[in-house]
Amino acid sequence: MSQVDPKEHSALSKEEARWLIRHVLPHELALRKWLSLNRIPGLEIDDIVQETYAKLIQTANLNIVDSPKLYMFITARSILISHVRRSKVVSFKALADVDHLRLHFDAPNPEEQVADRDELSRFAEAIATLPGKIGRAFVLRRVQGYSLKETAQRLGLSESTVEKHLRKALILLFERFARGGYAGQPMSRVNAERFISSHVQTTNQQD
Amino acid sequence: MSRRLTNKIDDIAVVWISKLERGLTEQEREELDEWLASDKRHFGAFCRMRAFAWHTERSAGLGAKYDPSNFRRGRFQPSRRMVVSGGASLAAGLAALGWYELLNGRYGTRLGEVRRIPLSDGTIATLNTDTTIAVHYSQQQRLVKLVKGEALFDVAKDPKRPFVVALSDLQARAVGTSFSARLRDNIAPSHVVVREGIVEVRQQEHPQAAPVRLAADMRAALGGGGLALSTLQSADVDRELAWQNGRISFDRETLAQAAEEFARYSDVRIIVDPALAHEEVSGLFPANDPVAFGQSVAQAFGAQVALGDKEVRLYR
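One line per chain: the protein sequences are A and B, in this order. The numbering used here numbers the first residue of the first sequence as 1 and each following residue consecutively. The numbering used here numbers the first residue of the second sequence as 1 and each following residue consecutively.
Mixed in with the good hints, there may be bad ones.
With a cut-off of at most 35 Å between alpha-carbon atoms, the simulated DSBU-like pairs for lysine-lysine come out as follows [said to hold, decoys possible]:
#1 A:K149 to B:K65
#2 A:K14 to B:K160
#3 A:K14 to B:K310
#4 B:K310 to A:K168
#5 A:K149 to B:K8
#6 B:K145 to A:K168
#7 A:K133 to B:K19
#8 A:K7 to A:K164
#9 B:K145 to B:K310
#10 A:K133 to A:K7
#11 A:K149 to A:K164
#12 B:K145 to B:K160
#13 B:K65 to A:K55
#14 B:K157 to B:K145
#15 A:K7 to A:K55
#16 B:K160 to B:K65
#17 B:K157 to B:K40
#18 B:K145 to A:K7
#19 A:K33 to A:K149
#20 A:K7 to B:K8
#21 B:K8 to A:K164
#22 A:K164 to A:K33
#23 B:K8 to B:K160
#24 A:K168 to B:K160
#25 A:K55 to B:K157
#26 A:K14 to A:K133
#27 A:K168 to B:K148
#28 A:K7 to A:K168
#29 A:K164 to A:K133
#30 B:K148 to A:K133
#31 A:K133 to B:K65
Looking from chain B toward chain A, a few residues come up when the C-beta cut is under 7 Å (computed) [said to hold, decoys possible]:
#32 T6
#33 K8
#34 W35
#35 A37
#36 K40
#37 R48
#38 W54
#39 A64
#40 F71
Quick caveat, the hints were computed from the structure, so don't treat them as lab data. Cβ coordinates follow ideal geometry from the N, Cα and C atoms, glycine included.
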């Protein structure tokens, strides 16, 4: 058996991580909005979103996904449907409604696309919103590259407290970036619907 | 809308991620595997937060001089309008650096400058120090000539118009991907490094020969014996591209080589005493600060450093 790097985990490669950040995270907010418009009682939006990420990463070859945004919505939709089918509580009508969900895609605004891809200035602004010691810990550790130990010494805190601040920083930055919402690949509505209807048929046959 | 986008599962995932960054014991690894396998949501939350945690490492590119107070609300608020009218001025995050304007699809950087340029198709070209590119887009293809230096291309997908980067001796062709190209100089031969996707590379002098296909994390360099391919660790790719964040990365390079590399970024020369020239240096350094490099090297090797006009001398 090959040796395992204690700082790595096979669940996610760097390439997959980049793909998620580039193609999926920017659309998470839109996905949540869409899920909230098609709310199924007893199903949490967070659950669907997390499962969607899981399913996307389990997809064999992400490189062949042509429109990640559409793929993400279709995946979320199939998760939604399988939950509805499993649940005995939901009425047949709700199921029918889900089956007729329409996905709507707005063409991206090119200005936004460019602006939001300038990640470094996004980081500069986002980090500046981190409060007090959380912000100072993040700047020392991640921007200036001090080790955990050095960061702790400089702040006069224990390493475990610094780690706690860094975790908080990660959550706060995530909330901010995920809200940054920028559109991705353009796709006309007609194409989107054609794609979906063909996909839905295959899904139904599998079920 | 202020509802949180993360929940308790994400909080747990983030705890695992910080443990992972510290290094997992065997027992912790088993516990993590168990946690990941027990619920799809756990696995999804882990991937989502781990991807983002990696992404935040990019903020190292802000450099040691980054001061959050300059970016607080009200003081630095780039409006969409400013971004549009200023063209590339949105590179502001990087560029207290400064750069000159473009003429007829030619873009350039001065010594020590790194600049991000959004092209009309959504592709982002990031130019390293002392680099010039010429952009020729047509209906059939998107051609960019690397006239001088080194650049990274995050290519927007357009299956109908391939994206081609031409160096004097190499040609790299892609549809939608991320790769860098460096024109040969006195330090390195012309080469192409692929960060994402697939790139086809061919020699300019053999335009009819079948191209070589490079996948992510591969490098093709043109040496005396033709194209040499190698596979890099992801970390090496990140190191190769450290310049886009204003850094230079060394992995056991000699001081003499390091001094040459610094010369690409500023007109301050690092002069290394022959007695020190073969010492090896590793680490990530701000590209625009040869003085700081000289000082930390001097400290590491117990050497002396003398600062002159436009030069940093290292000696024992």
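Here is what the structure says about each hint:
1. A:K149 to B:K65: holds, 21 Å
2. A:K14 to B:K160: holds, 29 Å
3. A:K14 to B:K310: violated, 40 Å
4. B:K310 to A:K168: violated, 44 Å
5. A:K149 to B:K8: Between K149 (chain A) and K8 (chain B) the Cα gap is close to 28 Å, so the pair holds against 35 Å.
6. B:K145 to A:K168: Violated, at about 45 Å.
7. A:K133 to B:K19: Measuring from Cα to Cα gives roughly 20 Å; hence the hint holds.
8. A:K7 to A:K164: holds, 18 Å
9. B:K145 to B:K310: Holds - the C-alpha atoms of K310 (chain B) and K145 (chain B) are around 32 Å apart, at most 35 Å.
10. A:K133 to A:K7: holds, 26 Å
11. A:K149 to A:K164: Holds. K149 (chain A) to K164 (chain A) sits at ~14 Å (cutoff 35 Å).
12. B:K145 to B:K160: Holds: K145 (chain B) and K160 (chain B) sit about 20 Å apart, inside 35 Å.
13. B:K65 to A:K55: Distance of about 41 Å is beyond 35 Å: violated.
14. B:K157 to B:K145: holds, 19 Å
15. A:K7 to A:K55: Satisfied, since the Cα-Cα distance of roughly 24 Å is no more than 35 Å.
16. B:K160 to B:K65: violated, 43 Å
17. B:K157 to B:K40: holds, 31 Å
18. B:K145 to A:K7: Distance ~40 Å between K145 (chain B) and K7 (chain A) Cα, so the pair is violated.
19. A:K33 to A:K149: Violated, at roughly 42 Å.
20. A:K7 to B:K8: Holds, because 23 Å separates the two Cα atoms, which is no more than 35 Å.
21. B:K8 to A:K164: holds, 15 Å
22. A:K164 to A:K33: holds, 31 Å
23. B:K8 to B:K160: violated, 45 Å
24. A:K168 to B:K160: violated, 45 Å
25. A:K55 to B:K157: holds, 24 Å
26. A:K14 to A:K133: holds, 29 Å
27. A:K168 to B:K148: violated, 44 Å
28. A:K7 to A:K168: holds, 20 Å
29. A:K164 to A:K133: holds, 11 Å
30. B:K148 to A:K133: violated, 44 Å
31. A:K133 to B:K65: The hint holds at about 18 Å.
32. T6: holds, 6 Å
33. K8: violated, 9 Å
34. W35: W35 (chain B) check fails; min Cβ-Cβ to chain A is 11 Å, beyond 7 Å.
35. A37: violated, 10 Å
36. K40: holds, 5 Å
37. R48: holds, 5 Å
38. W54: holds, 5 Å
39. A64: holds, 5 Å
40. F71: holds, 4 Å
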